[in-house]
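Protein chains in written order, with the numbering used here: chain C, -4 to 448; chain L, -4 to 448.
I should point out that these hints are in silico values taken from the structure, not numbers from a laboratory.
Some hints could be false.
Since the list can't tell identical chains apart, any single copy or any two copies may satisfy a pair.
Said to hold, decoys possible - Below are the BS3-like pairs computed for lysine-lysine, each with C-alpha atoms no more than 30 angstroms apart in a straight line:
hint, residue 1, residue 2
1, K344, K202
2, K344, K100
3, K116, K202
4, K202, K115
5, K432, K47
6, K202, K432
7, K116, K285
8, K432, K415
9, K415, K202
10, K47, K429
11, K285, K202
12, K116, K284
13, K284, K384
14, K390, K344
15, K384, K415
16, K415, K100
2 protein chains.
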Amino acid sequence: MDFVQELRGLIGEESVSTNPTVLEHHSHDESYHTPHLPDVVVFPKNTEEVSKVLHFANEHRIPIVPYGLGTSLEGHVIPYQGGISIDFQLMNQILEVRPQDFLVKVQPGVTRGQLNKELKKYGLFFTVDPGADATLGGMAATNASGTTSVRYGIMRDQVRDLEVVLADGRVIHTGSMTAKSSSGYHTTGLFVGSEGTLGAFTELTLKVYGIPEVILAARAVFPTVEEAVSTVVDILSAGIGVARIELVDARSIQQVNLYSQTNYPEKPTLFIEFHGNEQGLNYEVDFAKKLADENHCEQFIFETNSKERAQLWEARHNLAYAFIHRSPGKKMMVTDVVLPISELAGSIKDARKAMDDAGIDGAILGHVGDGNYHIILMIDLDNPEEMLKAESLNKHIVDYAITRGGSCTGEHGVGIGKAKYQRREHGDALDVMKAFKAAVDPNGIMNPGKIFI
Amino acid sequence: MDFVQELRGLIGEESVSTNPTVLEHHSHDESYHTPHLPDVVVFPKNTEEVSKVLHFANEHRIPIVPYGLGTSLEGHVIPYQGGISIDFQLMNQILEVRPQDFLVKVQPGVTRGQLNKELKKYGLFFTVDPGADATLGGMAATNASGTTSVRYGIMRDQVRDLEVVLADGRVIHTGSMTAKSSSGYHTTGLFVGSEGTLGAFTELTLKVYGIPEVILAARAVFPTVEEAVSTVVDILSAGIGVARIELVDARSIQQVNLYSQTNYPEKPTLFIEFHGNEQGLNYEVDFAKKLADENHCEQFIFETNSKERAQLWEARHNLAYAFIHRSPGKKMMVTDVVLPISELAGSIKDARKAMDDAGIDGAILGHVGDGNYHIILMIDLDNPEEMLKAESLNKHIVDYAITRGGSCTGEHGVGIGKAKYQRREHGDALDVMKAFKAAVDPNGIMNPGKIFI
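If we strip away everything but chain C, and leave its shape as in the complex, we get:
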């Protein structure tokens, strides 16, 4: 532990903490995964300090875990091997807004809420919305996505350039400020989603969009999950500009009503948001409604004023809390998988049946335009039998997805929770990933134990 003293010499007393509360704060994320303390937490103020810390850690084979706000869901930031947790909260500057280029340069500790507040002044917004007000560095590290990805793409699609500090302290830039490039390997895409295992991000250049002229929200109620999903396929085929299209199953709507004092019909429901200009949108919304009708939509209700619209998305975002609320003493286990959209309805039905069979309650909700859905299970971590059931349910859902050309996680990432499915999903490609990691982190100091087991 004398390395802590050396760290203090390296980047200053005030930037290095072993305070028990600070250590505890960096021992967990928002998931059910078991916490573990780091030996020390550092708070660098710039790229140079990050470089110094990594170079030092690499020389001494000390594990490094980059840490944003700890909102990850698969244990990504838990330092299971101790070592140094790097907290980027002091690197939280918005460095440059380039409205004409639809670009912004930020430090990794900037949150998406903070960024959107600044961008609003320019009539711009940052699209990726994973729910939590995460840091942009963290969102790039896990390749976050969320409700708006069906229209605007995932985190990887927004990152033009990363400044990355490698394990040995070298600082590289992975891209440029251009919309596209065919120069050299596309390492930006590889670093996005690498979960801190390839390097630490110290600057991000991100794509932003103009705030749409009109935003409309609607709720569409269907007899079955199949008909809801089929509507989504029809809407996407027609090229209608939905910006969000979220599925909430009947059981979950029940819980929404209880928790949010809403009175929504307790059937499979799509929560939809349209972005566009007034004339274009009117036509598109009518068209979407017609497509929903053809799929036996029972109600298609516009939330025209901003209060009702806010209530609708609040109800959707509060779904997790709705289940937490009624399950005192239990902890949330969230899993997410993604499939080709043609396999989505079958997968969701199968998952609900598996939950019923196992006697575990929970929510099913999906970014259905992406073929991505989540299951929120409420479990008692101290009940080994229930834990076992939940784990086996998780495995069942992942198996179903991978067998049908899907993936074990659409947006939460691998962390520790999905590491056991990597070989099954990637086969020999997993060895290629390991080889890429070894090429830039030969000593294995960067977030060890994550992704690869």
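Here the structure of chain C is known, so what remains is to put chain L in place on it, guided by the hints.
Same frame as chain C, now just chain L:
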């Protein structure tokens, strides 16, 4: 050369050729770069044969060059170190169309024309249009893009999964059939654009789109390049769904008129295509026209019937031939760079001035929505002074771009022509790229001498 006999034993007499005409055919691409013969050309029929060839070549340290149709523009497929050219023309099957998932699985030798003919039956189309009717394997290898990328994205955005044969013969899949994933490293994006230096592609899963209800084309004429570019920025800011928006400069329009018997005003011109549904489009087109007017547009002319529309895009696509036609005995040197869009107008003006100063004639045309433009120079390869001038012009244009946050190639790729700019553009990140290559191709047999020098 006795390895050729061994190859025949490995994959059959009929699949291995040393016929001089065949060798010559595989010695060049469409560029001005000096040809070089391979020792042998093989025509594998399936993944297993590709794997056998690579494994064999790796054991014997024989260079491998994957070959599609040879339409590349920077010498990518020229076997400067001899060895084996792998021609994928026999692997040209469309394996599966999944309309509901907007996906198609193809072998690498399928051309985009062949694919679009098949997709039409389903009301779908493949979006990437680099001009040439290239193979999809080749387009993935160079990360091709083109006129439609402003709306639908580049080749990398379309590739969901690649089956890749690695140097040692291992066969991996880099992705899945899903719209997104956060499982493991995104190796798909790294292999796309790797120009045959990381492995050979044997199967591609690609994203396709519904054919738009209505397609409208227009020509917008401006007093200056700046005003044309400014219109593009305004159109993109407004979220108007342009599918193509191409800039052709005044000098190039002159040549178009001469060659295509058109009578277009000889001023900076945008060639625009709108995709959408009728009602939505009418509004968007009016809006676009208004934005053009605000930028002093002198003419905004719709090519309403399909014949006029075809003539417009033919004129655009024939621009290269228009210059070739008037320069008998000269060869085309095409260069492409990409910049943040705010730097585009300045870059194009600077390039035209540099061409005038050097006394070299040529076309300037750009995928201006992407910040990408090409210069087509007509040069006499046997005139060392002219070659030197052209090379120095190329360098000037690249320097201008990189200095302003741009990249030395937007879509043509590195090959041999842009290898010398890689260190300047990527700095230490180039060493990371090399390390990734070494991780999967330790003997350096895959397309040696390309990208890295």
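Hint check results:
1. K344 <-> K202: So K344 and K202 pass the 30 angstroms test across copies only (26 angstroms; inside, 37 angstroms).
2. K344 <-> K100: Cα proximity of K344 and K100: across copies only (27 angstroms, versus 43 angstroms in one copy).
3. K116 <-> K202: Close inside one copy (16 angstroms), not across copies (36 angstroms); limit 30 angstroms.
4. K202 <-> K115: within (14 angstroms within a copy, 33 angstroms between copies)
5. K432 <-> K47: both (20 angstroms within a copy, 27 angstroms between copies)
6. K202 <-> K432: Close inside one copy (27 angstroms) and across copies (29 angstroms); limit 30 angstroms.
7. K116 <-> K285: Between copies only: 24 angstroms across, 37 angstroms inside.
8. K432 <-> K415: both (18 angstroms within a copy, 27 angstroms between copies)
9. K415 <-> K202: For K415 and K202, only the inter-copy Cα distance (29 angstroms) is at most 30 angstroms; the intra-copy one is 33 angstroms.
10. K47 <-> K429: both (25 angstroms within a copy, 24 angstroms between copies)
11. K285 <-> K202: between (34 angstroms within a copy, 26 angstroms between copies)
12. K116 <-> K284: between (34 angstroms within a copy, 27 angstroms between copies)
13. K284 <-> K384: neither (41 angstroms within a copy, 61 angstroms between copies)
14. K390 <-> K344: For K390 and K344, only the intra-copy Cα distance (16 angstroms) is at most 30 angstroms; the inter-copy one is 59 angstroms.
15. K384 <-> K415: within (17 angstroms within a copy, 58 angstroms between copies)
16. K415 <-> K100: between (36 angstroms within a copy, 28 angstroms between copies)
In this structure, the one hint that does not hold is number 13.
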